[in-house]
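Enquirer: These are the residues of each chain, in order.
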Amino acid sequence: MVDYTVHSRKDRKKILKYLGIDSKEDIFDFLPGKIRDPVINIPEGLDERSLRKKLEAIGSQNNPVSGLSSFLGGGAYDHYVPAVVEYITSISQFFTAYTPYQAEISQGTLEYIFEFQSLICQLTGMDISNASTYDGASSLAEAVLMASRINGRKKVVMPVTINPQYRDTVKSYVYGLDMDIREVGYKDGVTDLSSLEKEIDENTSAVLIQNPNYFGCYEEVFKIKKIMEAYPDCLYIICVNPLSLALIKPPSEYGADIVVGDGQVFGNTLSMGGPYLGFFSARQKYLRQLPGRIVGKTIDAGGKDAYVLTFQTREQHIRKKKATSNICSNHSLNALACTAYLLYKGEKGLKSTATACIKKAAYFADRLKETTHFKKAFKNNSFNELVVTSDLDMDDVLGRLKKEKILGGIRLGQYYPELADSMLVSFTEVNTWGEIDRYLDILKGI
Amino acid sequence: MEENIRYTETYEYIRVKDGIGTVGISEEASDKLGDIYLVELPEVGKEFKKGEEAGIIESVKTAADVYCPVSGKVIEINNGLEKEPEFVSKSPMEDGWLFKLDISDPSELDSLMDKKQFKKHINEKGRW
Amino acid sequence: MTDKDYIIPRRTNDKPRQANGSSQSDKFENYIPEELLRKDAVGIPGLSESQVVRYFNRLSRKNYGVDDGIYPLGSCTMKYNPRINEIIAKDPAFTGIHPYQEESDIQGSLEVMYELGEMLKEITGLDGISLQPSAGAHGEFAGLLMARKYFDVKGEDRKTVIIPDSAQGTNFASAAMAGFRVVEVRSNDKGTIDIGRLKDIKEKDPGDIALIMITNPNTLGIFEKEILEISDMMHKNGSLLYYDGANLNAIIGAARPGDMGFDIVHLNLHKTFSTPHGGGGPGAGPVLVKDFLIQYLPVPVLVKKNNIYSLDYVLKNTIGKIKAFYGNFSVCLKAYCYLLSVGDRIKDISTDAILNASYLKKKLEGLFDIPYSKNTMHEFVASAARYKKKGVSALNIAKRMIDYGVHPPTIYFPAIVEEAMMIEPTETESIESLDNLAGVFEKIVKEIESRPELLENAPVSTETKRVDELKALKEPVLKE
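Chains as they are written, first to last, in the numbering used here: chain A, 765 to 1210; chain B, 137 to 264; chain C, 944 to 1423.
Think of the hints as simulated: they come from the structure by calculation, not from any bench. Source: prediction; values computed, not measured. Idealized CB from N, CA, C, for every residue including glycine. One should not assume that every hint holds.
What the hints assert, rightly or not - Only pairs whose alpha carbons sit at most 30 Å apart, straight line, appear in this in silico DSSO-like list of lysine-lysine:
1) B:252 x C:1414
2) A:1068 x C:1417
3) A:774 x C:1306
4) C:1331 x C:1033
5) C:1097 x C:1133
6) B:219 x C:1417
7) C:1033 x B:256
8) C:970 x C:982
9) B:252 x A:1049
10) A:818 x C:1033
11) B:219 x A:918
12) A:1167 x A:1139
13) C:1414 x B:197
14) C:1331 x B:186
15) C:1331 x C:1290
16) A:788 x C:1306
17) C:1102 x C:1033
Claimed, not checked - To give an idea of the chain C side of the interface with chain B (calculated C-beta under 10 Å), a few residues:
18) 1169
19) 1355
20) 1415
21) 1416
22) 1417
23) 1420
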């Protein structure tokens, strides 16, 4: 078996002797008899070779997307992760390091986090960003808590066009806090403005919008801001796919107060849903309420530029029950992947990847006309995803696509009963035109 | 004129003159806090009960709540602290005062400590 | 340098069949509403691959990881991160799984999560588990939400959570986030929970106490020997017991929180279970519960029936989701590999963790006061208070340690020890490494006695000298 304890029998004897203990069995003598030495049924340890073989066998029970044509999205996207990103996250001084509390020996971590914060601000147009959170869903939930701390209000307006898992997370987060979450319906794929307007009043803490939304449609974000103008203390919280910001206006330009989302699209693998990368950015005036870690730039005793964890007094480990949040960590390594990816792709690379998504989604949407049983559910243009509706049974359709090794899309019926006849189809630069043509061919044949 | 200064268990002091109490944190507290960079003061006109949280002091090390030593209404706050929070570190008993209270129940002062009692309290592992 | 362009591979035949007024030749601008078109540049430079590699290589040299030397941070359990687990976790068979794939396509990953869950249940003595929480604090939050809902469903209005004064900060913050009010119970002079004081707190309003959060051993490294009595008292009161698993490394294999009476437990895979800290994350904080609380777990949970693994969303009173999808899969995978490797020898982990900490403590006894020294397990808290009169603080000592090539311990925590230095070597440090660390402390104490000024400006040997934290606060620069 592999043994990660480092002492030989001799070493242990030496230590026991030094401590004046007879045998290592005596160490736990003080434990109450009732709980001492439980029977724990774990199989004997495997040596490294056996471990590898076992995991290879387990892995062979998986059918990763690389061997299929995947059009799955819905909050997790199959973008290509460059080899250089993989290399950088494998550097041991990055992945075996702890939280950078000792700034003088953590300048590596601190600098890339500072870079990450800067990049997020550039993309979103916000003034401040934290060092990352667990994922987009928890970021959105934290934003809701933050808005309530700022204006003391309890009502939150949350359109159902926001990712259903994100909405579920928001509801869980506020469970113990006596908040009033109002969900608002949609019309033709985007939030119904008249319903939204009814829910906004002087008791509203925040309005949440995902843009583009879960259906891949662009929300009327300017109009919504206009509605909110009558209530200046109400916060505008925007949730975005940061890749879209390469081509789409930063939410700062339509009045966002807080911008959150998931950076998985930048250099992080699909990994069955985690770990991903929540980002959290906001306007300068909200600095003191920002949850999570923040890295700041300062100087050292020699006058050189240096980075340091700052505003920690907001954080849990100091304020305890008055903390802005309990979040005590970030997804540092995922933020590293994101930073490396962005610096490597650059503006041009990002734009071309985003363009690929748009064009492929648009091409597919357009050619749906050639099929008999499938059409776009909503007329709004999409960024990288669209909802396809059919008069045939969607389970059947997806089954037939699967037989052709195509993962056609996500069943929407599991979240939206009125859309049981629809699926969410997603495109990235990884989908080749050939794949898309083949998908369309099969749809035409059904 | 030390007799009119009283101390709380939570390291605040109140210096009383003609029914008005000047509240701040003691030297020992400001020592523990280290470099202070932000002071959040209560609003003028706000009323507090004895022991209620009236403000926050943030330093590099920590954020500490300031508890109101006795019940009363805030009639003045030390506006200079906005630009110069360091006064609380450098001169907590003088320039670093936090706010002035119109004391509503002077008998509450009796339950506070005088300087001697306070020093004893700190020495007996008065954990703060 | 070439454009890293994967849209239209240049030298292949990959072209769309139809280029007719549809997207291929059209500008992307046609597909974005005019009002949303980005007019300005984002402002991100593009670097070549070699520039990127050099930049990050340079940054990495300014860092210190467990791979570089001892990292004796208390309650962080900075143990060695096995390489084979890193390699396995990078296997495309696992990284290439989309969370929305059908269960029949992801049996491998589901097996990993399920079987890890079973092992963790076995190790802790609990009945149900969710791997969804991303971190210890996240697991705490989930556990507290479950407790909250449990009492809501029961119709009992219990709003108070009791937390020992030695507990670390997330306990308090998580309780507040879940809508509880917190009452602190002070430790006795042995450093453990004062049962008398606990009784008093309970007596004040017994029907209001929802639960007590306990770390065992606590942050002083001392086992709460009266845990069975505490558990009995709280259960009789209708309250729950919560176990903060940060210090599981001290007892793994030797005792189980479930047997001690805990109803809800969270673990830290990035501590006890060897997954890397990553510079702050990602980790994982699975939450485990006793039978009667399974219905409250976040969904989905992993189930196995007839050798087929699946995700179950139907729990009667689930608290819902606390993030998207299922959990930090690759972190769980590494922990699973670790447990498969260690196997039935898990008690060696806690044994050696305790031996190492005790060995180190004895070496340091002459140099520092250790106010709560009796019966410490995998960690202990030394006090640098005796050097205050020389103008030296725990901070100075920590910074000077950096000059000697070791990472400092946790400082100023727990607050019940003055000038605290919380030290946890873990079981993956050799005797040489421990002797080296003790030697560093010895040298520094000698310096304090003869030349204390050496500590004032420490560290002096690093590229970056003492950073100005106050300036960072007064003149915040949080982005470029």
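Enquirer: Now look at each hint and say whether the structure bears it out.
Expert: Here is what the structure says about each hint:
The hinted pair formed by residue 252 (chain B) and residue 1414 (chain C) fails the criterion: a straight-line CA distance of about 37 Å is larger than 30 Å. Distance restraint check for residue 1068 (chain A) and residue 1417 (chain C): the Cα-Cα separation of roughly 17 Å lies within the 30 Å cut-off, and the hinted pair is therefore satisfied. For the hint pairing residue 774 (chain A) with residue 1306 (chain C), the CA-to-CA distance comes to about 19 Å; that is within 30 Å, so the pair holds. Of the supplied pair hints, the one linking residue 1331 (chain C) and residue 1033 (chain C) is violated, its CA atoms being roughly 49 Å apart against a limit of 30 Å.
The suggested pairing of residue 1097 (chain C) with residue 1133 (chain C) is violated, with an alpha-carbon distance near 37 Å, which exceeds 30 Å. Restraint check for residue 219 (chain B) and residue 1417 (chain C): satisfied, since their Cα atoms lie roughly 10 Å apart, inside the 30 Å limit. For the suggested pair residue 1033 (chain C) and residue 256 (chain B), the alpha carbons sit about 61 Å apart, so the restraint of at most 30 Å is broken. Between residue 970 (chain C) and residue 982 (chain C) the CA atoms are separated by roughly 15 Å; this keeps the pair inside 30 Å, and the hint holds.
Distance check on the hinted pair: residue 252 (chain B) and residue 1049 (chain A) sit about 44 Å apart at the alpha-carbon level, beyond 30 Å; violated. For the hint pairing residue 818 (chain A) with residue 1033 (chain C), the CA-to-CA distance comes to about 15 Å; that is within 30 Å, so the pair holds. The straight-line distance between the Cα atoms of residue 219 (chain B) and residue 918 (chain A) is roughly 33 Å, outside the 30 Å bound, and the hint therefore fails. Distance check on the hinted pair: residue 1167 (chain A) and residue 1139 (chain A) sit about 22 Å apart at the alpha-carbon level, within 30 Å; holds.
For the hint pairing residue 1414 (chain C) with residue 197 (chain B), the CA-to-CA distance comes to about 13 Å; that is within 30 Å, so the pair holds. Taken as a hint, the residue 1331 (chain C) and residue 186 (chain B) pair is broken in the structure, with Cα atoms around 35 Å apart against an allowance of 30 Å. About 40 Å separates the Cα atoms of residue 1331 (chain C) and residue 1290 (chain C), which puts this hinted pair outside 30 Å; it is violated. For the proposed pair residue 788 (chain A) and residue 1306 (chain C), the alpha carbon gap of about 19 Å is at most 30 Å, so the pair holds.
For the suggested pair residue 1102 (chain C) and residue 1033 (chain C), the alpha carbons sit about 45 Å apart, so the restraint of at most 30 Å is broken. For the restraint placing residue 1169 (chain C) at the interface with chain B, the shortest Cβ-Cβ distance is roughly 22 Å, beyond the 10 Å limit, so the hint is violated. Against a cut-off of 10 Å between C-beta atoms, the interface hint on residue 1355 (chain C) holds, since the closest Cβ of chain B lies about 7 Å away. Proximity of residue 1415 (chain C) to chain B holds as hinted, the smallest CB-CB distance being about 9 Å (cut-off 10 Å).
Given the 10 Å rule on beta carbons, the hint for residue 1416 (chain C) holds: about 4 Å separates it from the nearest Cβ of chain B. Interface hint status for residue 1417 (chain C): upheld, as the beta-carbon distance to the closest one in chain B is roughly 5 Å, under 10 Å. Hint status for residue 1420 (chain C): violated, given a least beta-carbon distance of 14 Å to chain B, over 10 Å.
The structure does not agree with the numbered hints 1, 4, 5, 7, 9, 11, 14, 15, 17, 18, 23 stated previously, though it agrees with the rest.
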